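*Asks:* If you read the sequences in order, they're chains A and B. Using the UniProt record's numbering, the letters of the first sequence map in sequence onto residues 1 to 327. Using the UniProt record's numbering, the letters of the second sequence map in sequence onto residues 1 to 151.
Among the hints, a few may not be true.
[Said to hold, decoys possible] Restricting the straight-line Cα-Cα distance to at most 30 Å, the calculated cross-link-like pairs of lysine-lysine (DSSO-like) are:
no., chain 1, residue 1, chain 2, residue 2
1, B, 136, A, 308
2, A, 317, B, 7
3, A, 258, B, 119
4, A, 225, A, 206
5, A, 189, A, 200
6, A, 195, A, 225
7, A, 195, A, 206
8, A, 308, B, 7
9, A, 189, A, 87
10, A, 169, A, 138
11, A, 189, A, 206
12, A, 258, B, 10
13, A, 317, B, 136
14, A, 283, A, 225
15, B, 136, B, 52
16, A, 56, A, 130
17, A, 59, A, 87
18, A, 50, A, 39
19, A, 86, A, 169
20, B, 10, A, 283
21, A, 206, A, 39
22, A, 76, A, 130
23, B, 7, A, 258
24, B, 39, A, 308
25, A, 189, A, 39
26, A, 283, B, 119
27, A, 327, B, 7
28, B, 136, B, 39
29, B, 69, B, 119
30, A, 59, A, 76
Keep in mind the hints are simulated off the structure, nothing from the lab. Bear in mind the structure is a predicted one, so any value in this text is a computation, not a measurement.
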Amino acid sequence: MPEEQGLKNQIANTSNRDDLNDRRLPFADAASIIQSHQKDDQIVNLLIEKLNNFLKLVKGQLFINLYPREITLFAKMLYLFLTTIKKTRTLGEEYADIFIVNRPGTGLAKRYQRLLFILSYCLSPYLFTKLINRWNSKNDETDENGILSSFEDLFNVVLDIHLMLFYFKGAYYDIFRRIFGLRYAFGHKITATEKIFRDKNSSTYKVLGYILLLQNSSKLINVLKDKLDFRKLSIDTSRGEKDMKAIFGVPKQVKTNKIDLNDDTLFTFIQGASRTCILCLSKIVDPSCAPCGHLYCWDCILNWCNEKPECPLCRQKCHPQQILPIK
Amino acid sequence: MESRILKEYKDSRSLQSQYILALDPISTDDLTHWECTIKGPLHSPFANHTFKLRIDIPQTYPLTTPICKFEPFAMPHPNVNFETGEICLDILDTNWSPVFNIQYIVEAIVWLLNEPNFKSPLNLDLANLLRFDDLKAYHDLISYHLNNSAK
């Protein structure tokens, strides 16, 4: 690509001169990097679709259904090998007029850097999930809250922090780009008006960064809180842990008001045999209504629906959270 | 649960049924174990015979099903295990609903004597005879067992 060659020359020339800072092309901002990534994603998806169509003809639908992740991986690598490795720009990079430079911004990134980046960028998420799946299938329930999930959490936190840094600084969108030092620079000089416009844009990305920071810190506070609570309740065994995952908010017993239909003055609109709960065969206490309209005691129907979520009389679906106490 | 069984006990005192000859707790001190005598329905191979049922009511009743069994080696029926007396009936298993009571269960069992279901057999010999519509052999095998156990 001649354009690329020109850029290279420009960079090479500038490095020979003294007024290097003046001639050096500016680093790209967050907006253009994201723009280029979105464009690239679009094109990779197009590539995946084409590849799927091709494989469907050659290998059949079953193959596509069996190896969707592998096909995606292949398409991604194909795309990056045809562009980044050849030191040409991807379509997204061309669209946003940015190109890959090395860490200090003095020259284009080396080919081995690009190769390492592509390999780690494409393969590591794939291998990571594979590893987790294998691990999970091996120790089914023995190590549910063990090292692996905490490792996964840590990984997510690192990724979040990295994204936050990107929103603030606008340097490396991808963590592997940071590791291998592939920065983006604009392919053109920035005029004063464009600079004002771009600065404005990057400030909106800073807002995103703050939101992310807020989100993560609240998460962290929750985790710490849980840890503290857990220490208090350390007598509780794994049984307690399982209970924590159960649905909350459906009280086992209504503590406030007991409405006992033994009192004939209450709820006169419920008449005759309807005042008796068919489950306990007594007059209804705390009349409660299933979605189908059948009336029971709150405790009776709730206990049954925890056993089996259906109305005892008509077998219509009735989840505990659907029971309405009549007040 | 206690009060419900007590109510069912009171109701069972005034029970009048063609096929339920007796439905009583074994001891009035403990209402969780019942014994029931039923008559074989007319026009079924079990007519003119009486059968004893044992009903054990779990602590979790009515959320879980009572356990009902015939006496061992007394009931030749496709849906009853001949050796243990165990009964295969949907409402005693997955289709249980807490609105059913003890009397209803016994009535369902009487109905089962009239309407055997060879698709969920506990007595394979009888179920197969029924499946292949060999009604004579089916009736003969049942009366053979019934007369044998009478002796």
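*Asks:* None of the hints should be skipped; say for each whether it holds.
*Replies:* Here is what the structure says about each hint:
1. B/136 x A/308: Measuring from Cα to Cα gives roughly 42 Å; hence the hint is violated.
2. A/317 x B/7: holds (28 Å)
3. A/258 x B/119: violated (48 Å)
4. A/225 x A/206: Since the Cα atoms of residue 225 of chain A and residue 206 of chain A sit roughly 28 Å apart, the hinted pair holds (cutoff 30 Å).
5. A/189 x A/200: holds (18 Å)
6. A/195 x A/225: Status violated; Cα separation ~45 Å.
7. A/195 x A/206: holds (16 Å)
8. A/308 x B/7: Cα-Cα ~24 Å, so holds.
9. A/189 x A/87: Given that 30 Å is the threshold and the Cα spacing comes to 21 Å, the pair holds.
10. A/169 x A/138: violated (42 Å)
11. A/189 x A/206: Holds: residue 189 of chain A and residue 206 of chain A sit about 24 Å apart, inside 30 Å.
12. A/258 x B/10: Given that 30 Å is the threshold and the Cα spacing comes to 27 Å, the pair holds.
13. A/317 x B/136: violated (44 Å)
14. A/283 x A/225: violated (45 Å)
15. B/136 x B/52: holds (26 Å)
16. A/56 x A/130: Within the cut-off at roughly 24 Å; holds.
17. A/59 x A/87: violated (33 Å)
18. A/50 x A/39: Given pair residue 50 of chain A, residue 39 of chain A holds - Cα atoms ~17 Å apart, limit 30 Å.
19. A/86 x A/169: The given pair, whose Cα atoms are some 28 Å apart, holds under the 30 Å limit.
20. B/10 x A/283: Satisfied, since the Cα-Cα distance of roughly 16 Å is no more than 30 Å.
21. A/206 x A/39: holds (22 Å)
22. A/76 x A/130: holds (18 Å)
23. B/7 x A/258: This hinted pair holds, its Cα atoms lying about 22 Å apart.
24. B/39 x A/308: The hint is violated at about 34 Å.
25. A/189 x A/39: holds (22 Å)
26. A/283 x B/119: violated (41 Å)
27. A/327 x B/7: Measuring from Cα to Cα gives roughly 28 Å; hence the hint holds.
28. B/136 x B/39: Distance ~22 Å between residue 136 of chain B and residue 39 of chain B Cα, so the pair holds.
29. B/69 x B/119: Within the cut-off at roughly 20 Å; holds.
30. A/59 x A/76: holds (20 Å)
Hint compliance for this structure: hints 1, 3, 6, 10, 13, 14, 17, 24 and 26 are not met, and every other hint is.
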